[in-house]
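**Student:** Protein chains in written order, with numbering that gives the first Met the number 0: chain A, 0 to 731; chain B, 0 to 200; chain C, 0 to 454; chain D, 0 to 288.
Everything labelled a hint here was simulated from the structure, so no lab data went into it. Watch out, some of these pointers could steer you wrong.
Said to hold, decoys possible - When the alpha-carbon atoms are kept at most 27 Å apart in a straight line, the in silico DSSO-like pairs for lysine-lysine are as follows:
| id | chain 1 | residue 1 | chain 2 | residue 2 |
| --- | --- | --- | --- | --- |
| 1 | B | Lys177 | D | Lys250 |
| 2 | B | Lys187 | A | Lys72 |
| 3 | B | Lys101 | A | Lys72 |
| 4 | D | Lys250 | B | Lys187 |
| 5 | D | Lys204 | A | Lys715 |
| 6 | B | Lys177 | A | Lys72 |
| 7 | A | Lys310 | D | Lys248 |
| 8 | A | Lys693 | D | Lys204 |
| 9 | C | Lys188 | C | Lys275 |
| 10 | D | Lys253 | A | Lys233 |
| 11 | D | Lys253 | A | Lys710 |
| 12 | A | Lys710 | A | Lys609 |
| 13 | A | Lys715 | D | Lys58 |
| 14 | A | Lys408 | A | Lys137 |
| 15 | D | Lys253 | A | Lys631 |
| 16 | A | Lys72 | D | Lys253 |
| 17 | D | Lys204 | A | Lys710 |
| 18 | C | Lys188 | A | Lys710 |
| 19 | A | Lys710 | D | Lys250 |
| 20 | C | Lys319 | A | Lys715 |
| 21 | D | Lys204 | C | Lys319 |
| 22 | D | Lys58 | A | Lys729 |
| 23 | B | Lys141 | D | Lys253 |
| 24 | D | Lys58 | A | Lys661 |
| 25 | D | Lys58 | C | Lys319 |
| 26 | A | Lys729 | D | Lys253 |
| 27 | B | Lys110 | A | Lys72 |
Here's the letter readout for the chains.
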Amino acid sequence: MMENGFNRRDFLKVLGWGGTAVALSGCGNTSVEDGRETVNSYVEAADYVIPGIGVYFNSTCAQCDAGCSIMGKVREGRVLKLEGNPDSAINRGKTCGLGQAGVQHHYNPDRVREPLQRKGEIGVTITWEKAYELIAEKLKDVSGEEIAFLSGGVSGHLKVLLDNYLASFGCRNHFVYEALAPAVVRAANKKSYGVEMPRYNINKAKVVLSFGADFLGAWVSPVHFSQQYAQFRKGVDGERGVLIQIEPKMTLTGANADRWIPVRPGTEGVLALGIINALGTAGGDIAALVKDYDKVRVSKETGVPPGHIDKIAALLKLRSPSLVLAGSAAEGYAHGSQNAAAINLLNHVLGNVGKTVEAAAEVPFPQMAPARGNTAALKALNDGLAAGKYKVLFNYAANPIFTAPGGMKFKDNWAKADFKVVFAHYMDETALQADLVLPLDSALEDWGTHVPEYMADGAQINIQQPLMERLHANTRGMGDILLALIKQRRPEDYKSYEDYYGYLRAAMLQNKAALGGGGMDDDTFWSETLSKGIVKLAGAATTAVHSKAGATDLTLPAATQDAQYPLQLIPAVNVSLRDGRHANLPWLQESPDPLTTIVWDSWVEIHPKKALEMDITEGDIIEVTSRTGSVKAQAYLFPGIHPDAISIPLGQGHEALGRYAKGYGVNPFQILDAVFDKETGELAMHETRVKISKTGQRVIVVKDESAAGAKQIRKKIAGRMSTDNVDLSKEV
Amino acid sequence: MFRFLRLSVLFAVLFVSAGSHAADASQPLSTADDLGPQVDQPIEFPHDRHAGDAAQGGMQINCMYCHTYARRSMTAGIPPTQKCIGCHQSIESVRETPRIKKLFEYWEAKKPIPWKKVHDLPDFVRFHHERHIQRFYFQQGKPVQEVCGYCHGNVKTMTVARRTKSLSMGWCVSCHEKQHPVDAASTKTAQGPNDCWQCHK
Amino acid sequence: MEKDIRENIAWAQINKDVLRSLEAPRPLYWVILLVALAMVGVGVGCEIYQYQTGIGVANMNNPHVWGLYIATFIFWIGMSHSGTLLSAILHLMHADWRKPIYRFAEAMTTFSLMTAGLFVMIHLGRLWQFYYSLPYPNERGLWPNFQSPLLWDAMAIFTYLSSSIIFLYVGMIPDLAICRDNMHPGWRKKLYSLLALGWEGTDRQWRNFRVTYLTVACFLIPLAVSVHSIVASDFAMSQQPGWHVTSFPPYFVAGALYSGCAAIISLFIILRYVFKFEEYMTLSILKKTSRLTFAIAMVWTYLNAVEFASVWYSHDEAAKDVLIQKATGTYAPFWWMMIFCGSVVPLMLAFKRFQANIPVLFAVSLLLNLGMWLERWMIVAPTFSHGYYPWAWDHDQWPSLVQWGIVFGSFGWFALLFMVFCKVFPSVSMYEVKEMVYHRSLALKNGETAEEGVH
Amino acid sequence: MSVNNLLENWAQFRHFHPVDDKPHDPYKWAMSIDLDACSGCNACSVACYAENNIPVVGKEKYAHGQAMHWIRIEHYWDEDIGVPGGREFPEQGAQFLPMMCQQCEAAPCETVCPVGATNHTADGLNSQIYNRCIGSRYCSANCPYKVRYFNWYDYPTTDNVWPETMTRQLNPDVTVRSKGVMEKCTFCVQRLNAAMSTARSEGRKVHDGEVQTACQQACPTNAISFGNLVDPESRVAKQWARQQVELTKDKQTKDAEPGGSRLRGYRILEELRPYPSVMYLERVRESAV
């Protein structure tokens, strides 16, 4: 950690060494050499910069929306490694694999390095001035209504700037799109708790009953939840927490559960009501609601043996407080909100609301609050494009052409816009379809402020700052670009800021007092802020959570059968590849999927029983056909999946995005039907039904686990014992 | 009867004795000076002027004044140009000499001076400057030029530094095997570390 | 029964016949030579490719880090034992029927050792740093690790190689002199005169010669045994299931003698034909050799059984698994083939009518060698793919063409060296054959005189 | 070193598990991994790639089993899942196990290396000297855990392993291994050396928590703890003591206890007597559901 503050000017002088010190060292040069290698000394060096000693700078991880704070080890002008920032309440000094791979995002050889303009099929390098002129010209004679801006989740000053920019020509079409956002759950939460994203205290719960919420893997804020999970395992007052995971396909969280219960896809809500019924503690309209969800019926519909339902109910009664989570597996249906509502109802019945479900703190600057992404936005945009409403289309931090469900025909509609600008790090599927591609700085080169979507503890604003100077001279920060663009519209208001950094600094200093810098002079406050990397705020929760249950009018359809498409397709969220934006980071491609240990490829998970019926063995290439389309992938026999379902991980199957992503695996987004949640209009990810058939081809599955599979033959390798004879409370 | 064996026996004896002698001889060999090639630097830096004895018209500047990183870091590094300028902007006498001119050119251009590495160990070796200076200068209180001299030779008599020791592994080890006093005061001695990971990375 | 050799061959005839082998072999000789050359070519090509690209091209992997190279290495080491057996051991036991055939057996020893030595190198990931493993005073001030069986290996092999070369050479001196005396002037004559060390055949020379030969022979026998015991300890000293077996050293030695004898039979048959040695390499000698082979085959089979039993009844579950894996797993076909070739095929040699049946013997001897090669492979490979740690159990260990190519090439290399040797040096020991003939005729005479004495 | 030196200091070139005349002092680096906390998320593995310049071999070489992950996350099902006649579902989840070099005190790999490229350091690490290695691969052959990884190809010069810009991420404190050498987990020795040197300059010992391995620092559930076993105050030492696992024993109290122990600590393949420096804590599963 660097002690004394530093400013941009000093920082940029961290040069030299870089150029030469990176020459591949190795076993090659085995002798003493004189006068071969050049060493560039610094011209001037800040006194905390010592060759051979790494300096840590704080910043914010941009790999996902969790907003973990990181510190980058910078040595001889190069950022070498990212670690978690211990001061952050979100990740407390920890990182996940994605975070670690942040450096590869920065050093990736396939980054876009120059602004590109489409000339027929090829992109021609142009200057930034030219690019800005082009945009100005295209925007000249279109109304604000004919402009659409598609982006991933944005927050902080970038959002403010973006809003101002769109406002400057009266455009209200800002579509915030995240392919894998828990949007349905948010809506349901809004209804039943009064807040979109409450704070879940896994560490305070004695039982966690999770309906497909993969909070250790890819759900909302995994690193934070993982830490809570660790405490939860050690136990509240000596009583070790019990994790029960209910889902049709085993997630990483499911793999860590004390009891993993496969449920027929889509019947999570029914099971939740069944449990309420079994508890028998609910009164009033809730009791009325659940009265005919008796064990027999529930277990018939969900396929969960009555014994389990009793056990769960008993345990929940016995150990309180508990916590019930509704995750992506539960929400991904046409009746997703119903499922989620039913599951949230459990929390009310168990009286967890207020104990393990609390209102999260909020940042007192609403304009900076995160614009949370969802899939309804994409639908809206898609319809708009289909109707030819939009002439100019901007795209930032999203790859819709890759992630839009095949059923939407998004690629065709995209083409309907006349002029498409994509702000891109890589030439991904969307950038390839753009008329103008503007290369962005990597997250480790750029300035910014972020407000985490999930507030772990107190409210906080995360600072993002460059960890090294630009790798490629002609990339720009998104902030700088927006500033340049907005200057086109409102020069006078923004002329005082020569770059985004200036804007940021000014903006922060304006609210110095509110940001806890009262009494400090500007420079101290600023350098303090930068060296901390986090601004912690007194901002408390403005709205308390509802103590009583909300609407209890739930209609939960029984699982339907479909003779033509007998299987449910579960598009699994891979811990490291997520929605595919990280598929071009070799470390993540090569880090095996935790459950199957498959690398560099896609696969179709199928239950051994089902496989036996269909005479499928591991490595068979099978064709998965939905109403929308079909993909071919290798089969992997996996006991952790419901026999009525198959699963294909998301994230692979890129046709672009560079050497490490292109041509590996298949993209299940392509075969997703465009089915939507009735209430929120969110895409129902799990609603696609498929049939599978053998193609006759066969491959050897590339995986880390051996021919012996994941069996411990005879020897005890990984030990396991039951809670009866262990006492964790005494442990160190 | 076995007379025919005499010759071979003789050879065998000779070989063994020669072998073991050669082995013993490897010790002195390693401390012998072994002059590296002359290296041309962008600026022919006169170490003798800066560090040399007053008698030879040197300034007797402490090595660590310029090579300040050596006592704080594994890598000695090269002093930033700033350092040179710090003094030289106020030394008018030599301001116009070609070398100083060149120096100021780099400075004004804000370009780092592309020095050539003279003592360049193989890439898999880690020589820890800080440790050695701590040990011999700060703890044992040996004169700094002697301490640096162990490996860098008598730099104060050179203009551009030139390697004078073999820096081969055997050479390093020959010193690590000796018993060195722990500090100036006590008579306690200790060996240099001899496990591989101390120097190999 | 027919004789090992006719007593009434004139000594001049012997010289003539043997020296002829240096001049005019049958055409088949050249065929063999060319084929051998081609094979070497393949091997060298593969090695160059492997050297440049990295040993990964042999398609070994983690944890399956050893492959055919090590197996074939052991195979060649094994080959080398027969020479010592025939010349040294039988020499001490005064079994004089060995006399016509020990020369080429020794040559075999030397050249198979040379081949084995190659594999030690080929196997290395960094061949160019090979010298790190030699104990010599160096500027790094480092020594190799004297605890490593691999190092013992290197030393043992080197010693064995050098001493067997000496043995071969010393044994040849009188014959070299004969060659020298009968050669027309030319490079060969020069060569022989140089190597013959001015042999005159005086009593003193003969006396010293005998003593030397005897001494080296005595020195060689323990060496031969130790070499393969040490190779065995490469495995026995390690911790891995299937290797960590006490009975390995004798087992390996037996295997070595076995493959050696088998090889002798094949080469016997080839030389006999190629160099028209029917007079000297007689069927009755062949018969003796095949009987010897049969005996050793049974010893080997027994030791095999001992090894299995000791594993089977031990408490080492892992080792037991490996054994089961060998018999049922990926390697089962090879393993059973080894059992068949090693223990079943030799039973043919029990039948008199096969013992001197050249075609049959040739086929059998080749099968035995195949079996012995498989044995070595079955010792090395299965332990890797089924060791202690189930996670690491391997699913992809089939040797690549490069690996096969180099193994293939090594046979060419051996054949090449051997064939060239037989063409340049007398592959049948003239002076010993003369002795043999002399003794036989003497015995015969005594017999006759005795009969006369009766009446 | 001369012959005499070789003979005199033979003992120094070989530190086995500590004997009375050679106790570990002042450091003995050891680890303990809580399998109950480990969620199998792979963060440690990626962090290791980042810290130690581990090459990404790509799909084809991975298929050949030539991957280089120094720390691999293994997962195990109970044996009877999915197979006919067995349980249908893994109802108690999977078991995850991070496996890296166990830094054995009596390491099977050390004795067999022909050139002594792998040795034991005074602070109980199992060192691997890349440049000394000639690639006989005997160490890997003799490693019970199979955690040694061989450079089958020359990765620094292989396409797309470290293309132009990616070279800048390479850690200067760690050698980039060329073809034909063996490599393995080092307990992040570069970090240890840095910490120990700082401590020495300040005339103290490295205190607990001052140095972290890359995997430990990343681990989101704090499943990995690492430290100095000699220092009784260190977290690792406490854990080992609490679990009654002793470095130089091959049968721990746990194994002796009849009818299932209450202790979770164990070391893998201990009965082979390599005296590993990594203790694992058994995973716990709730019996009430």
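**Student:** Find the hints from earlier in the document that the structure breaks and name them by number, from lowest to highest.
**Tutor:** 1, 2, 3, 4, 5, 6, 7, 8, 13, 15, 16, 17, 18, 21, 22, 23, 25
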